[in-house]
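With chain A held as given, fit chain B onto it using these hints.
Below are the chains, spelled out letter by letter.
2 protein chains.
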Amino acid sequence: MTLNSIFSPLAGVIFLFLLAGCQTAPESLQGTGDLGVIVERATGSLALANTSQQQIVDQVEGLGDLSHASVKFSRDARYAFVFGRDGGLSKVDLLTGEITARILQSGNSIGGAISQDGQLVAVANYEPGGVKLFSSDNLELVADIPATWTDENGDQQRSKVVGLVDAPGNRFVYSLFDAGEIHVVDMNGATPELTRFTDVGKNPYDALIDPSGRYYIAGLFGEDGLTLLDLWHTEAGVQHILTDYGRGEERLPVYKMPHLEGWAMAGDEAWLPAVGRHEILIANKEDWALTGRIPVQGQPIFVMSRPDQHQVWVSFAHPDNDVVQVIDTETRAIVTTLSPGKAVLHMEFTPRGEHVWISARDSNRVTVYDTHTLQEVKRLESESPSGIFFTDRAHRIGL
Amino acid sequence: MTLNSIFSPLAGVIFLFLLAGCQTAPESLQGTGDLGVIVERATGSLALANTSQQQIVDQVEGLGDLSHASVKFSRDARYAFVFGRDGGLSKVDLLTGEITARILQSGNSIGGAISQDGQLVAVANYEPGGVKLFSSDNLELVADIPATWTDENGDQQRSKVVGLVDAPGNRFVYSLFDAGEIHVVDMNGATPELTRFTDVGKNPYDALIDPSGRYYIAGLFGEDGLTLLDLWHTEAGVQHILTDYGRGEERLPVYKMPHLEGWAMAGDEAWLPAVGRHEILIANKEDWALTGRIPVQGQPIFVMSRPDQHQVWVSFAHPDNDVVQVIDTETRAIVTTLSPGKAVLHMEFTPRGEHVWISARDSNRVTVYDTHTLQEVKRLESESPSGIFFTDRAHRIGL
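Protein chains in written order, with our numbering: chain A, 138 to 536; chain B, 138 to 536.
Bear in mind the hints are in silico, worked out from the structure with no lab data behind them. Heads up, some of the hints might be wrong.
Said to hold, decoys possible - Some but not every residue of chain A turned toward chain B, in silico, with C-beta under 10 Å: (1) S165; (2) T169; (3) G170; (4) N187; (5) T188; (6) S189; (7) R215; (8) P305; (9) T335; (10) K339; (11) D405; (12) K422; (13) A426; (14) Q446; (15) F527; (16) H532.
C-beta: ideal position from N, C-alpha, C; glycine also.
Chain A extracted, bound-state conformation:
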C-alpha cells in the first residue's frame, strides 16, 4: 500500500465528510444569555427555550417528579439546577441538553437557591427537614444542616424548610414551617454559621427576598400578615407587617396559597398577593404600612413586576386561573385581562421586559406576549407546562 492509495477518491470522500463534521463545531457555539427552561410537570421533563428565536429548541427527560419544581442557574448561565418535589436535584446542560449530574438528596424537597459566588447549591427539604448544600460543580455534598428546633415540651424536633433564598455575603435565608423560625446561614467561613430568629409567626409557608437582597419577607399560613427580616439589621430581629389587612372581613376558602417569590417592586412600593382575598396589597417600603388595595378578578397567586416596574402582571388560583390581569403601577388601573389558556401556572419576563412567557398547563401551551402592545406574539406547544425560568436569573440576587 502506498500513501497514494489512502488519498484515493473514496478515502477523500470520507476525509471531507469528517472535516465537514468538524467544521460544524463553531456553528454549534452559542451564547447562553437568551436561553431558558420550561418545567413540564406531567412528563418530568424540561423544555429548553430560546427567547430570541421564541422557540422551544430541545427537551430533557428523566428529571423525576417535577410538580412544584423550581430552577436556578449556574454563574456562567450554562447549567440549570432543577429541584424536584421528590428530592431530586439535577444539573442540566442547556447547550447539549444532557443531564450532567443527578442525585436524590432527600425524600421530599421544595426549591433551592444558589450562592452569591455561584459555588454552592442549597436545597430546602421537607423530609427530613433541613437544608443541604452541594458543590455546584459536581453536586457533591458540602454541608447538611438539619432544621432543628425545641418544642413547647423542650423536645428537639425537625421542621420542614420553606422560602429558601440566597442573600449577599454568601448567605442563605430560610423559614421553618413547623417551628415558626427564620434561619440565616453564613457560608463565608470554613463551616456554616447559623443565626436563628424564633417566634417569627405561625407557620411561615413561603418567602421572598427583595432585588437588593436586604429584606426577607415570609408569608404566614397560621395567622394574618407577614414577617420581615431586615438583613442589614439582623440585631433588630423580625418585624410583623400587614398584620390586619383582613380584619373584620370574611376570608374566602383558599384553594392555593400565593407564591411570594414574585416580589413586585414599583418605585418605593411592594405589591403582594393577599391570601384568601380577591386583591393585591400595596405596602410602602419605608415603614411597611398598607398604602393600597387593588381589587382583582380572583385570588392572586403570582404578582410580578415587568422589569421597568410600569406594569404588574397577576395570575390567579383555581377556579379563576384562566386569565392574567395587567395593572398599571402608576394609575393602579387594570389595563387588560388576557386569556392565555386553561390553568395558568407561571409567567416569566424576558430580561429587559419586552415580552412575557405565560404557561397554561391544561391547554398544553406557552403564550408569548408583547408587553408593550399587550398582543400575542407566539404560541408554543408544551406538555403541561408550569414554571418558566430564563438564564438572566443567574445574575440577580434572590433569583
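Frame of chain A; chain B shown alone:
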C-alpha cells in the same frame, strides 16, 4: 484499490486523529454569563475576561482608536459591540475571539446603545452629529438620524450627540450638546418617530437612565445642575434639578467631567458626582431635592452602587485618581480607601456584586476585590486598561 486498503493502519491513524479533533468540540462549549471585556486603549485591543476563573482568557486586536470606548452586549450575551472614538463599530465574538463585523460609521463617535429587543445597535456621533442605527446581526445600516436643530438666527445646524441610552418600548434617548436638546426616538413603527425637547439647559455633556428606564438625567456643562426627563410623562417636558448645589462656592478647575452612566441608587436616593467639587450629591427620587452631600478625597468621576445597594464605590479625576473610596450607603461613612494602582479609570461589579474589577491604566493592571472583606483577590496584567464590561449588562435596561 479495495475498501480494505482504505482502512489500512495509516488511514486508521488519520481517521482517529480527525475523530479526536471532532470530539474536542463539546469541550469548547461554554456559557457566556460569566464573560466580559476590558478595553485596552493604548493597543486598540480588548482583553476577554472570565469572572468565574478571574482571568483574562483571550485578546482581540484591530479595533482602532479605543480611547473613551464603550461596549454593549448582544441579547444572547455572545457578542460585544465596541464603540470606538474613531467612529469604528465592531462586533466581537466572545466565544471565538474573532471580529465578526466591523465598520467605520462616522468620523468621531461617543458611545452607543442596544435596543430593548436586541435587534438594533445605535451609535452617538459627534461628526457628523447624529445617531445611526444598525442591525445587530450584521451591522447593516437601518436608519440615519441627523441631530438637527435651529439656532438663534433661524439656521439649521447639526449637533454633537451625547448621553445615548436605550429605554423600554424600543426607544432611544440622547442629548444634543450644541443645541441643548433631548431627543427620544421610538423604533416600534416602520420608521423612526422622533420627539424633541428643546431648551433643556446649556450643553448637556453626558446622561444616564435609571435601572427601570423611567428617568433620563443629563448633566450640564454650561450651567449648574442637571436636567431630568420622566419618560412616563414626556408631556410634562423636562425639569431642572439640583440647580444650586454649588451656589456661592468656588468651583475647582475641572480636569475631567464626571461620568454619569454609573447611576447609583440606594433605596429611594440617587447618588451623583458633583462637578468641580470634592463631593458626592444625594437626591431623593420623590422630588429630586438635594438631601445630602458627602465629602470625598477628590473630584468624583464614577459613583457606582454595589448591586445590593449597601455600598457606593467612587473613582476620581486627576490628580487624585490613584485611589477608590467605598461609602456605606446607610451610615454615609467612608469605610475604606483602596489603592488599586495609578490612573484608576473604571470599575465593574460582578453581576451579584461579590467582586469588583478595577482598572488602573498607568499600572497596566486590573485588580479584583472581594466587596465583602474589601481585600484584594487577584491582580491581572492588562495593557493600559480602561473600561470593563461584563455580559450581564445584556439583560439590564440602559446598560
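Hints violated by the structure (numbers, ascending)
9, 10 and 13
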